[in-house]
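Chains P and W supply the protein sequences, listed in that same order. Per numbering that gives the first Met the number 0, the very first residue in the first sequence carries number 0; after that it's consecutive. Per numbering that gives the first Met the number 0, the very first residue in the second sequence carries number 0; after that it's consecutive.
Be careful, since some hints might not be right.
To be verified - Pairs of lysine-lysine residues, derived as DSBU-like cross-links and limited to a Cα-Cα distance of at most 30 Å, are as follows:
| no. | chain 1 | residue 1 | chain 2 | residue 2 |
| --- | --- | --- | --- | --- |
| 1 | P | K24 | W | K163 |
| 2 | W | K24 | P | K163 |
| 3 | P | K208 | P | K163 |
What the hints assert, rightly or not - To give a feel for the contact side, a few chain W residues facing chain P, derived at Cβ under 7 Å:
| no. | residue |
| --- | --- |
| 4 | G14 |
| 5 | I19 |
| 6 | M22 |
| 7 | V26 |
| 8 | D34 |
| 9 | H37 |
| 10 | P39 |
| 11 | N44 |
| 12 | N45 |
| 13 | T46 |
| 14 | Q47 |
| 15 | H73 |
| 16 | A77 |
| 17 | V167 |
| 18 | A169 |
| 19 | L173 |
Stated by the list, open to error - Just some of the chain W residues that point at chain P, by a computed CB distance under 10 Å:
| no. | residue |
| --- | --- |
| 20 | V6 |
| 21 | G11 |
| 22 | M13 |
| 23 | P15 |
| 24 | E16 |
| 25 | A35 |
| 26 | D36 |
| 27 | L40 |
| 28 | V42 |
| 29 | P49 |
| 30 | S50 |
| 31 | I52 |
| 32 | L74 |
| 33 | T76 |
| 34 | L207 |
Simulated from the structure, these hints should not be mistaken for laboratory data. Beta carbons: idealized from backbone N, C-alpha and C, even for Gly.
Protein chains: 2
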Amino acid sequence: MTDSKRVIGVLGGMGPEATILFMQKVVQAVQASDDADHVPLIVDNNTQVPSRIKALIEGTGVDPAPTLAGMAKHLETAGARALVMPCNTAHNYQAQIRNAVGIPFLSMVDLTAEHIASIAPGTRVGILASPAVRMTGIYQNPLSARELKTVYSRDEDRILSSIKALKVSAHDALARENVHLAAAELESEGCEVLLVGCTEFSLLADDLKQRFRIVDSLDVLVEAAVSFSLSTAAHGAAQNLTSVGDQRP
Amino acid sequence: MTDSKRVIGVLGGMGPEATILFMQKVVQAVQASDDADHVPLIVDNNTQVPSRIKALIEGTGVDPAPTLAGMAKHLETAGARALVMPCNTAHNYQAQIRNAVGIPFLSMVDLTAEHIASIAPGTRVGILASPAVRMTGIYQNPLSARELKTVYSRDEDRILSSIKALKVSAHDALARENVHLAAAELESEGCEVLLVGCTEFSLLADDLKQRFRIVDSLDVLVEAAVSFSLSTAAHGAAQNLTSVGDQRP
Numbered sequence: 000m001t002d003s004k005r006v007i008g009v010l011g012g013m014g015p016e017a018t019i020l021f022m023q024k025v026v027q028a029v030q031a032s033d034d035a036d037h038v039p040l041i042v043d044n045n046t047q048v049p050s051r052i053k054a055l056i057e058g059t060g061v062d063p064a065p066t067l068a069g070m071a072k073h074l075e076t077a078g079a080r081a082l083v084m085p086c087n088t089a090h091n092y093q094a095q096i097r098n099a100v101g102i103p104f105l106s107m108v109d110l111t112a113e114h115i116a117s118i119a120p121g122t123r124v125g126i127l128a129s130p131a132v133r134m135t136g137i138y139q140n141p142l143s144a145r146e147l148k149t150v151y152s153r154d155e156d157r158i159l160s161s162i163k164a165l166k167v168s169a170h171d172a173l174a175r176e177n178v179h180l181a182a183a184e185l186e187s188e189g190c191e192v193l194l195v196g197c198t199e200f201s202l203l204a205d206d207l208k209q210r211f212r213i214v215d216s217l218d219v220l221v222e223a224a225v226s227f228s229l230s231t232a233a234h235g236a237a238q239n240l241t242s243v244g245d246q247r248p
Numbered sequence: 000m001t002d003s004k005r006v007i008g009v010l011g012g013m014g015p016e017a018t019i020l021f022m023q024k025v026v027q028a029v030q031a032s033d034d035a036d037h038v039p040l041i042v043d044n045n046t047q048v049p050s051r052i053k054a055l056i057e058g059t060g061v062d063p064a065p066t067l068a069g070m071a072k073h074l075e076t077a078g079a080r081a082l083v084m085p086c087n088t089a090h091n092y093q094a095q096i097r098n099a100v101g102i103p104f105l106s107m108v109d110l111t112a113e114h115i116a117s118i119a120p121g122t123r124v125g126i127l128a129s130p131a132v133r134m135t136g137i138y139q140n141p142l143s144a145r146e147l148k149t150v151y152s153r154d155e156d157r158i159l160s161s162i163k164a165l166k167v168s169a170h171d172a173l174a175r176e177n178v179h180l181a182a183a184e185l186e187s188e189g190c191e192v193l194l195v196g197c198t199e200f201s202l203l204a205d206d207l208k209q210r211f212r213i214v215d216s217l218d219v220l221v222e223a224a225v226s227f228s229l230s231t232a233a234h235g236a237a238q239n240l241t242s243v244g245d246q247r248p
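Construct all of the structure, not just a fragment, from the sequences and the given hints.
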C-alpha cells in the first residue's frame, strides 16, 4: 500500500447493487493508466445487516446499529482511513458509527445538504427517498439548518414498493415509472432541485437527469471519497471534508 | 450475520473493474427478493498490489506475494469463510495465499481446468490470457494434468497491450478488436474451447460468446463462490468445492 492513496472503508451491502454502483463511480472518477492509480477500497458488502425498512417503518425488526458499528470497527482495523456508507436510510445510525471508530465518517447526508446549499441556496428541495428518510428526519434536519425547504412525495406506498422492486431488479419497469411520477409531482410543487436520497434510486439517476434537476447523494459521496483518498496534504484535506460531515444542525 | 450464508473474502483490485464485474455476477447469480438473500462479501479492493505484469513479465517489480498473503490473513480475521481472487495471473501466488490462512482458497484456475475437463474432455484449449499466464504455467499445469492440450496466442505483444488498454478503459475499441483476432486465430488452430483466463477479457466475454465457444474463468469462480456461501450442509459442500481447488497436477 502506498502512502499516496488512503484506503476508504465502505459499509456496504444495503443493497449490494448500490454498493457496486458506488464502486463503479469511484473507478470512473479517476483518470487511470494502471490499477495502482485507482482508489483502494475495503468493502464490507454485508447483505445481512438487519433491514432498515423493518426497523424504522414496520417497527418489527432488529436494531441495525450494533451491526453497523461492528462493521465500522472491523474496517478501521483492516486499514481504512475514512468510512463511507452508500445507503441514505442507514445514516439514521451515523452517530453510533462515528462513536465506534477514531477515523472520519464521510456522511452522505450532511455532504449532500452542504452541496445543495452551495449550488441552490434557499430553494425548495424535493426528496426522492424512502419514507424512513422522512420519518427519521435524516435530510430534514441538515437541510433546514441550511435554510432549505424540504418536500416529500405524497404517495409513500408507491415509493416504498418501488424501492423493494428495485432491490429485486434494477430494471423493474413499473418501479422506474413510479419514480418518474414522484419526481414530476415534486417538480409541480415548485421544487427546483430533486435530491436522490436513496441509493436504489441512484440506479436510475442517469434517466432522471435527462428530465429533472437532480442532485444524486451517491455522486456527492463518490466525490468526497475520491478526494479524501487522493489528497496528499493528508491532514488538512481530511479536516476539510470531515468538517462538512461532522457539521450537525 | 446469519449462519445460513457464509461470507466470501475477495482478494480484489487486480484490476478494480474485474472485481466489480465479479461482484455483479454474484448478485445476478442469486434469485433475491431482499438484500439479505444475497451473498455477503468482504472485498479488499486493493489497487496497490505490486504489478503482476512487472514482477512476472518485465522482471522489474516487487514480489506481490507478501501483499496477497497479508490481504488473505486480514480477510480471514474479518470473518471470511473462504477466499477467492478474481485475477488469473495473481494465481501464480496461490500457494503463498493458501499457506497464510486456515480457510479454503477457491482457485479460479483449478476450478476452470476441472470444468473444461468435464464439458470438453481431451480437447485443445485456446488460452486468452496474459503472457504471464503462459510463462508461469498457471493453466498449462492443471490442464495437462487433465489431458487437455493448451494453445496460446502467438502475438503476445498484442495481447499484453490489450490488457493494459482494457485496464484504462473496458470500452477500448482496438483492444476489443485485438482480442477477437486472437480468439479467431486460436479457433483456426483447432481449439474447440477458448478459455478466458484474464479478468480484463472477462469484461468482453459477452461479445466473445456470440462468436466462439467460451469458458470464462470468472463465471466458474462466481458459481463456486455462490455455491460455497449458500450451501447449508456447510462442511460437506466446503470439502466438495475445495477438493477441486486443492487438486494439484
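Verification of the supplied hints:
1. P:K24 x W:K163: holds (20 Å)
2. W:K24 x P:K163: holds (20 Å)
3. P:K208 x P:K163: holds (22 Å)
4. G14: W:G14 check passes; min Cβ-Cβ to chain P is 4 Å, inside 7 Å.
5. I19: Holds: closest Cβ of chain P sits about 5 Å from W:I19, inside 7 Å.
6. M22: Holds - the Cβ of W:M22 comes within 7 Å of chain P, reaching about 5 Å at its closest.
7. V26: Cβ of W:V26 sits 5 Å from chain P, so the hint holds.
8. D34: holds (4 Å)
9. H37: This hint holds: W:H37 lies near chain P, its Cβ roughly 4 Å from the closest one there, short of 7 Å.
10. P39: With Cβ-Cβ at 5 Å, under 7 Å, it holds.
11. N44: holds (4 Å)
12. N45: Holds, because the Cβ-Cβ distance from W:N45 to chain P comes to roughly 5 Å (cut-off 7 Å).
13. T46: holds (4 Å)
14. Q47: Because about 5 Å separates W:Q47 from the closest Cβ in chain P, which is inside the 7 Å limit, the hint holds.
15. H73: Nearest chain P Cβ about 5 Å off; hint holds.
16. A77: holds (5 Å)
17. V167: Constraint on W:V167 satisfied, holds at 6 Å.
18. A169: It is violated, given that the least Cβ distance between W:A169 and chain P is near 9 Å, above 7 Å.
19. L173: violated (16 Å)
20. V6: Constraint on W:V6 satisfied, holds at 8 Å.
21. G11: holds (8 Å)
22. M13: This interface hint holds because 6 Å falls under the 10 Å limit.
23. P15: With a minimum Cβ separation of about 5 Å from chain P (threshold 10 Å), the hint on W:P15 holds.
24. E16: holds (6 Å)
25. A35: At 6 Å from the nearest chain P Cβ, W:A35 passes the 10 Å test, so the hint holds.
26. D36: Holds: closest Cβ of chain P sits about 7 Å from W:D36, inside 10 Å.
27. L40: holds (4 Å)
28. V42: holds (4 Å)
29. P49: Holds, because the Cβ-Cβ distance from W:P49 to chain P comes to roughly 9 Å (cut-off 10 Å).
30. S50: With Cβ-Cβ at 7 Å, under 10 Å, it holds.
31. I52: holds (9 Å)
32. L74: For W:L74, the interface hint holds, since the closest Cβ of chain P sits about 9 Å away, which is under 10 Å.
33. T76: Given a least distance of 8 Å, the restraint on W:T76 holds.
34. L207: Given a least distance of 22 Å, the restraint on W:L207 is violated.
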